[in-house]
Amino acid sequence: MNRHVKETDLALYASGDLRLWQRAAVHLHVRNCQSCSTVVEEFRADGRALRDAAAGLPDGVDWARLSAEMTANVRVGLAAGECVAPRGRHAHKLIPASWRPVALASLVTAMLAVLLVGGWWLNMPSQETQALSRAMRSIWRGHSAMPEERGPVIEASSEGIELRKDGGALGVSQDAAKLMTVSVSTQGSASAHYVDQDTGQVTITSVYAQ
Amino acid sequence: MRSKILIIALAGTIAVTAQTVGRKIDFPADSPLTAVSSDWSETRETPRGGAYLLDVHAVLSLRNSSQRRIRGVTLAVLAQEVTTGGKGSVSVPSLDVAPGEAFPLRIDLPLLCPLGAGGPMVEVRLDGVLFDDLTFYGSDKLHSRRTMTVWELEARRDRKFFKTLLETAGIDGLQKEILSCLELQRDRPSAGVQMVRGRSTNNDPERELKFAFLHMPESPVDPTGGSARIAGNEARAPQINIQNRSDRAVKHFEMGWIVKDQQGREFLAASIPSDVNLAPGKSGQVTQDSALRFSERTLVDSMTGFVSSAEYSDGSYWIPSRAALNDPKLRSLIAPSPEEQRLLQIYHKKGLGGLVAELKKF
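Going line by line, the protein sequences match chains Z and S. Under our numbering, the final residue of the first sequence carries the number 210; numbering is consecutive throughout. Under our numbering, the final residue of the second sequence carries the number 1362; numbering is consecutive throughout.
Simulated from the structure, these hints should not be mistaken for laboratory data. A hint or two may mislead.
To be verified - Taking lysine-lysine and the BS3-like style, the derived pairs with C-alpha atoms no more than 27 Å apart in a straight line are:
| id | chain 1 | residue 1 | chain 2 | residue 2 |
| --- | --- | --- | --- | --- |
| 1 | Z | Lys-178 | S | Lys-1251 |
| 2 | Z | Lys-178 | S | Lys-1349 |
| 3 | S | Lys-1176 | S | Lys-1360 |
| 4 | S | Lys-1360 | Z | Lys-178 |
| 5 | S | Lys-1329 | S | Lys-1176 |
| 6 | S | Lys-1160 | S | Lys-1329 |
| 7 | S | Lys-1350 | S | Lys-1176 |
| 8 | S | Lys-1329 | S | Lys-1260 |
| 9 | S | Lys-1163 | S | Lys-1361 |
| 10 | S | Lys-1349 | S | Lys-1163 |
| 11 | S | Lys-1360 | S | Lys-1163 |
| 12 | Z | Lys-178 | S | Lys-1163 |
| 13 | S | Lys-1349 | S | Lys-1176 |
| 14 | S | Lys-1360 | S | Lys-1350 |
| 15 | S | Lys-1350 | Z | Lys-178 |
| 16 | S | Lys-1350 | Z | Lys-6 |
| 17 | S | Lys-1329 | Z | Lys-178 |
| 18 | Z | Lys-178 | S | Lys-1176 |
| 19 | S | Lys-1349 | S | Lys-1360 |
| 20 | S | Lys-1141 | S | Lys-1251 |
Okay, chain Z solo, but in the shape it has when bound (with noise of 0.2 Å):
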């Protein structure tokens, strides 16, 4: 038995929407199997009583009207669950007339500083934001901060080595070749150990602190 017909073609077929090469398929199949011949005929059913029930309504309906009047029908929901809403909601019209044009300036300009703030914290340097981060982690939990680093900072990782210094960063990698370790040495260098894939050979990048 092949695979039964997938059951929105079976759907498309019941309407007569599929297209006409499918459509001799399908029919193939339904003609033979039981199991799609019975949802064909469900669909059909379906089908009939839409159209059934589309007749019970009255004539000439106006449903641009129909939308205006439901939409209408939300907003005095709304406006109803407004008026049995708490005081709290209703903050806005403790402020007096005159103070609202300083509120509304205020307001303006906290989100234009928070714009600036995330602007600012977004384009600063990962290493720096991370240093920033602690520190603020540091005083709120009354530590005290401890100097800055003044030197470069080697990284070692499976993605390979870099040198950062300042914010910037020098990365080393080699197209043709794979990486397969890296090692970091205390006294100041970092290395990566690459394989050629069609000879083997070996070759090892270092890069210095210093």
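Assemble the complex: chain Z is given as a structure, and chain S must be docked to it using the hints.
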């Protein structure tokens, strides 16, 4: 007037960006290596602030002009010698270059050099060449003699191990071991580590954490104690007490530093190379002014150290045996030698037959 200023500024910018990278291969007159050809066509430079960022890509063809077989080469690649980011090196261990033969050497390195009147310049110098009799030629400014000799000793140890295995356990035994090595290579944990000289920016409360040690049975240097300062995800200022238990003076040793975090993950964080002058039976202490910083979620829980190599004052070396490296913890954490990496790649590319043929060359 304004347009003139703009034109001058534009011309200046073009002049700066149009600088081509000068290059110089500076080998001594009596060098055992001769540069046959070089291709620098992929090297690029970009002005950044007050400096050039040089993306150096070069392929050199070098000829062995000596009478001995070459086992390793280290080249220093310099854009400036003293400033951060200006110095790098490229080493090729596990070579077997006969007299008169040529071999390729790839340089892929980013360097930084200041904007200057002469334009950016990259200089390639020979730091060292290691021959098959373990003699050395070169200026050795990057201590390449020591590193290349250790690599060569490891290469001999590993080739001997695989050859012995082939003789005693046959081709199936060799294959089983190679597959086990490949599995370890695949599963070896790695973690991002930053090395910072001096004090770092960490503001977390600091505590002292003692080292545990894996004692190598035949090591001439025995670590007797040690600690490091830990603050959150940072470990700094390692301090290690050692004793020379051999009958020869030791002038240098290197330790591996394994870190375990609070989630139980372990990884090899760094190596601690130290120059010492330790007479037989004497004790000493080494300290390093450096800090390791791990990822934010790696909070250091414990540390383990092990001696990975030592150099005697007479110029001979000690490296751990394969049996000593079979410690389950070490085996899963430390990287294979460059020679083992080379042999595994040959197996990967050419199969067991290719590997056996390679082992029989030595």
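Each hint, compared with the structure:
1. Z:Lys-178 to S:Lys-1251: This hinted pair is violated, its Cα atoms lying about 35 Å apart.
2. Z:Lys-178 to S:Lys-1349: With a Cα-Cα distance of about 13 Å, the restraint between Lys-178 (chain Z) and Lys-1349 (chain S) holds, given a limit of 27 Å.
3. S:Lys-1176 to S:Lys-1360: Roughly 19 Å separates the two Cα atoms, so the pair holds.
4. S:Lys-1360 to Z:Lys-178: 25 Å, holds
5. S:Lys-1329 to S:Lys-1176: With Cα atoms ~20 Å apart, Lys-1329 (chain S) and Lys-1176 (chain S) stay inside 27 Å; holds.
6. S:Lys-1160 to S:Lys-1329: Cα-Cα ~23 Å, so holds.
7. S:Lys-1350 to S:Lys-1176: Within the cut-off at roughly 16 Å; holds.
8. S:Lys-1329 to S:Lys-1260: Satisfied, since the Cα-Cα distance of roughly 12 Å is no more than 27 Å.
9. S:Lys-1163 to S:Lys-1361: 11 Å, holds
10. S:Lys-1349 to S:Lys-1163: 19 Å, holds
11. S:Lys-1360 to S:Lys-1163: Cα-Cα ~8 Å, so holds.
12. Z:Lys-178 to S:Lys-1163: 26 Å, holds
13. S:Lys-1349 to S:Lys-1176: Holds: Lys-1349 (chain S) and Lys-1176 (chain S) sit about 17 Å apart, inside 27 Å.
14. S:Lys-1360 to S:Lys-1350: 15 Å, holds
15. S:Lys-1350 to Z:Lys-178: 16 Å, holds
16. S:Lys-1350 to Z:Lys-6: 49 Å, violated
17. S:Lys-1329 to Z:Lys-178: 25 Å, holds
18. Z:Lys-178 to S:Lys-1176: 23 Å, holds
19. S:Lys-1349 to S:Lys-1360: With Cα atoms ~17 Å apart, Lys-1349 (chain S) and Lys-1360 (chain S) stay inside 27 Å; holds.
20. S:Lys-1141 to S:Lys-1251: Answer holds: Lys-1141 (chain S) to Lys-1251 (chain S) is near 17 Å, not above 27 Å.
Of the numbered hints listed earlier, those contradicted by the structure are 1, 16.
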